[in-house]
Amino acid sequence: MSTVKLTVNGRAVSADVEDRTLLVHLLRDHLNLTGTHVGCDTSQCGACTVHLDGRAVKSCTMLAAQAAGSSVTTIEGIAKGDELHPMQAAFRDNHGLQCGFCTPGMIMASIDIVHRHGGKLDETTVRHELEGNICRCTGYHNIVKAVLDAAGHMKVAQAAE
Amino acid sequence: MGVEGIGASVVRKEDRRFITGKGRYVDDIKLMGMTFAQFVRSPHAHARVKGIDTSAAMKMPGVIAVLTGQQIVDDKIGNLICGWAITSKDGSPMKMGAWPAMAPETVRFVGQAVAVVIAETKNQARDAAEAVVVNYEELPAVPDIRAAIKPGAPQLHPEAPGNVIFDWTLGDEAAVDAAFAKAANVVTFELANNRLVPNAMEPRSAIADYNEAEEHFTLYTTSQNPHVARLVLSAFYNVAPEHKLRVIAPDVGGGFGSKIYIYPEEMVCLWASKKTGRPIKWTGDRSESFLTDMHGRDHISKAEMAFDKDNKILGLRVKTHANFGAYMSLFSSAVPTYLYATLLSGQYNIPAIHAEVITVYTNTTPVDAYRGAGRPEASYLVERMMETAARQLKVDPAELRKKNFITQFPYQTPVIMAYDAGDFHASIDAAMKAIDYAGFPARKAKAKAEGKLRGIGVSCYIEACGIAPSKAVGSLGAGVGLWESAEIRVNPVGTIEVLTGSHSHGQGHETTFAQLVSERLGVPISQVQIVHGDTDKVQFGMGTYGSRSLAVGGTAIVKAMEKVESKAKKIAAHLLEASEGDIVIENGEFKVAGTDKSLALPMVALAAYTAHNLPEGMEPGLKETAFYDPTNFTFPAGAYICELEVDPGTGKTTFVNFVAADDFGRLINPMIVEGQVHGGLAQGIGQALLEGAVYDENGQLVTASFMDYTMPRADDLPSFKLSHTTTLCPGNPLGVKGCGEAGAIGASAAVINAITDAIGNNRLEMPATPDRVWHVINGKAA
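Going down the list, the protein sequences come from chains A and B.
Here the numbering used here is used: position 144 in the first sequence is 144, and no number is missing along the way.
If you want the numbering used here, it's the position in the second sequence, counting the first as 1, plus 161.
Think of the hints as simulated: they come from the structure by calculation, not from any bench.
Among the clues, some could well be false.
What the hints assert, rightly or not - Some but not every residue of chain A turned toward chain B, in silico, with C-beta under 8 Å:
hint : residue
1    : Gly39
2    : Cys45
3    : Ala47
4    : Gln98
5    : Glu123
6    : Ile134
7    : Cys135
8    : Thr138
9    : Gly139
10   : Tyr140
11   : Asn142
Only a predicted model underlies this, so the values are computations on that prediction, with no experimental measurement involved.
Where is the CB? At the ideal position from N, CA and C, for every residue including glycine.
Can you make the complete structure from the sequences, with help from the hints?
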């Protein structure tokens with residue numbers, strides 16, 4: 001057992017976990033942040049994607065202990081109160097989700113995509129960048145639309161700040 | 162249409178919880194004192210279980226129980242069953258082999274459970290499962306259809322000699338023989354329909370909670386049809402009495418058919434919860450999904466079509482072998498029979514059709530309905546046949562289709578189905594226009610100059626949805642009726658709850674069904690709550706599959722609303738001192754026509770519950786129930802055209818354009834409908850290009866992870882161009898047909914027709930991977 005201290009969604013947390021505990025299980029089982037999902041066992045599907053110190057990572061692919069001292073943001077931590085993150089709003093407005101299971105990972109990965117590419121996103125780039133996130137419902141059509149839509153809003157929001 | 166009524170693309174009410182991480186899926190639920198199950202699964206495709214030593218596992222930390230197949234048999238838990246009886250052509254019943262929830266004696270596919278460990282934590286259960294020692298005697302395995310029907314093949318079940326489950330026929334064989342005898346041309350070819358793994362993104366999960374004091378069970382499960390689960394678990398599996406079992410299917414992360422069935426894991430968790438006195442959670446990992454979720458498709462067929470000298474179709478003869486895997490799953494027998502052979506007429510006038518379907522056992526994961534269920538297999542066969550015929554007869558494939566389209570409705574096919582409405586010319590014309598079909602030869606020539614092979618492929622599908630008229634399916638062997646129920650509760654304050662037996666696992670019912678209420682009663686959708694997925698709340702229902710939720714479940718809602726409206730009008734008329742016939746509903750107000758007298762719905766509702774001043778003899782309250790049994794299937798149809806390029810150097814396919822023109826009848830929420838089409842197309846294209854379950858000669862599933870089984874990813878797919886043509890369904894008051902499966906039914910043939918057009922070789926099986934396409938181009942066996 002180890003004690004892991006880290007920041008999750010802006011709050012300092014501490015949990016006693018088995019050494020083999022993955023970050024995703026720390027979030028889901030110990031912190032009850034069940035918005036982060038587990039869709040596979042080979043780091044392929046991306047349903048578990050969270051932000052670790054601002055970068056998208058698959059939380060099934062690292063040990064909880066490796067996140068010690070880091071700042072983790074999950075799907076529960078990106079809205080400002082009732083105000084949705086532009087990526088969340090874009091997924092809703094563009095019907096970028098159906099069953100919702102891959103959605104948290106998609107949103108977290110997509111925010112990172114927009115951050116890394118700034119205003120230079122096009123459909124081909126979005127499709128290529130989403131390669132690590134699998135959706136079985138939408139055929140990606142509306143997810144791609146949502147990411148491009150949000151990219152525009154996030155650029156405007158950044159310019160305003 | 163109101164802003165939130167029928168035809169409005171309103172954003173989904175359910176989305177907020179999903180985009181904020183507040184969805185509540187089964188694995189998100191924790192109960193006090195909850196324990197965890199880990200199954201011990203067979204590594205062999207076929208073996209005798211000679212002994213199970215649980216002693217080491219029982220001594221491991223946290224272990225509460227290790228239970229085996231023999232114990233579940235000893236406790237008289239029933240075997241899993243197939244609920245649709247099919248009779249062979251010789252009059253004998255289908256040959257169903259015994260399928261215990263955990264195998265006491267013989268395992269017949271890799272991944273079949275033989276024992277289960279219950280422990281305090283998931284890791285403890287996993288560790289202890291590793292310590293269970295099973296002594297297997299390996300038996301020779303049957304990995305596929307051809308191996309199953311070979312003389313002298315190893316036998317799976319004593320009940321099914323030769324591994325044949327049934328040999329069933331449909332249609333008039335003599336009429337087909339006569340048609341072929343007078344044919345000017347006969348087109349013959351063989352094709353396979355590849356085995357698919359459904360792979361809903363949420364792995365299956367179950368939590369069983371037995372309350373000893375109440376002798377009551379609660380099951381949380383990833384189900385598309387919780388009421389059917391309760392019925393089967395109680396009536397057939399003897400797990401719990403129906404009135405002592407509550408089944409809850411909360412948010413469910415996709416189904417595609419794979420979550421229709423009642424699985425061994427749910428039975429075992431319920432049984433073990435009573436045995437241990439503890440709540441038990443089981444959540445499968447993706448490897449377990451690959452090995453134990455029911456697979457889809459897996460046919461090999463020979464098809465022959467007869468044409469007269471004017472290229473009119475005279476007859477169709479089909480012989481199909483379908484792989485059922487190791488056991489008969491719940492609806493397995495209906496899929497390659499009444500959901501397949503009955504659609505072999507496609508969109509065409511075919512005077513005579515005969516189909517023979519032989520189903521076999523193999524040492525593979527059982528096969529059942531997967532998005533489309535039989536109809537994709539039929540559509541793929543018919544549309545590959547039309548393309549093959551056009552090439553052999555040297556006519557344009559679109560023209561050959563148009564020449565043979567059914568144009569008069571209703572139309573009785575020779576294979577049971579009576580198409581009620583459609584306009585097949587309208588949909589193919591819309592698709593041809595959208596893709597500039599006429600300009601294709603010029604584009605092909607230009608691509609050729611650039612070293613690319615360009616192809617175009619058409620697919621005109623039809624499906625039977627809105628499953629299904631109970632009397633009709635009963636006469637064909639179904640063990641249940643396929644109606645749907647709805648209850649409308651208008652609360653005293655005027656908010657409305659709709660209780661439905663349909664289950665939403667991505668389809669957006671919470672929005673679409675609320676729109677039906679908004680349209681009828683003029684209330685905003687925010688005032689409407691759709692309640693589903695809990696057998697304690699909704700009295701009964703048949704669930705969601707076969708694109709039935711709107712056509713059947715939605716119609717039940719309409720029927721219940723008619724009753725509510727009728728009673729509410731009586732109350733309003735009484736209070737307004739008007740005649741009932743003069744009351745009209747506008748924007749949520751009950752008005753006396755031609756006057757300024759009106760009452761808002763909340764006032765009518767309040768009056769119904771205060772009951773201070775109701776018409777003489779009227780019961781208080783405003784709540785009505787309807788059971789709706791459809792009179793016919795619905796028949797969504799459409800045309801898909803795909804244009805693509807193949808790189809002859811690598812065999813890789815790149816989409817240029819993919820257009821769809823669908824006729825789903827009336828659209829309630831076009832945005833949701835288009836989303837359903839996108840997802841279906843992705844699964845159809847996935848089958849054509851990427852997906853395929855592969856077993857080796859020993860029955861090991863080689864493609865058992867997302868690293869080995871190619872799921873469609875964002876960069877494998879194009880953006881789609883959708884359009885709609887509309888003929889209203891005359892069979893239900895909404896005029897709707899269903900849209901959930903169309904894409905998966907129609908897309909595969911369009912893609913393969915386009916690739917074979919591009920490479921100039923018609924011999925190509927799915928999935929058309931670059932490797933396979935390259936080998937066909939270069940004339941080598943893949």
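With a cut-off of 8 Å on the beta carbons, see whether Cys135(A) makes it to chain B. 7 Å, holds
Closer than 8 Å between Cβ atoms is the bar; does Cys45(A) clear it against chain B? Give me holds or violated. 6 Å, holds
Under 8 Å, Cβ to Cβ, is where Gly39(A) needs to be relative to chain B, so tell me if that hint holds or is violated. Hint holds; Gly39(A) Cβ to chain B Cβ min 5 Å, cut 8 Å.
Can you verify the interface hint for Thr138(A): is its Cβ closer than 8 Å to any Cβ in chain B? Holds. Min distance 5 Å.
Does the nearest C-beta of chain B fall within a distance shorter than 8 Å of the C-beta of Glu123(A)? 7 Å, holds
Regarding the hint that Ala47(A) lies at the interface with chain B, is the smallest CB-CB distance below 8 Å? 6 Å, holds
Should the interface hint for Ile134(A) be scored as holding, given a Cβ-Cβ cut-off of 8 Å against chain B? Ile134(A) check passes; min Cβ-Cβ to chain B is 5 Å, inside 8 Å.
Against chain B, with CB atoms and a cut of 8 Å, does the hint on Tyr140(A) hold up? 4 Å, holds
Restraint check, 8 Å cut-off on beta carbons, for Gln98(A) near chain B: Holds - the Cβ of Gln98(A) comes within 8 Å of chain B, reaching about 4 Å at its closest.
Is the shortest C-beta separation between Asn142(A) and chain B less than 8 Å? It holds, given that the least Cβ distance between Asn142(A) and chain B is near 6 Å, below 8 Å.
Return the status of the interface hint for Gly139(A): holds when the least beta-carbon distance to chain B is below 8 Å, violated otherwise. 3 Å, holds
Every hint, counting from the list given before, is met by this structure.
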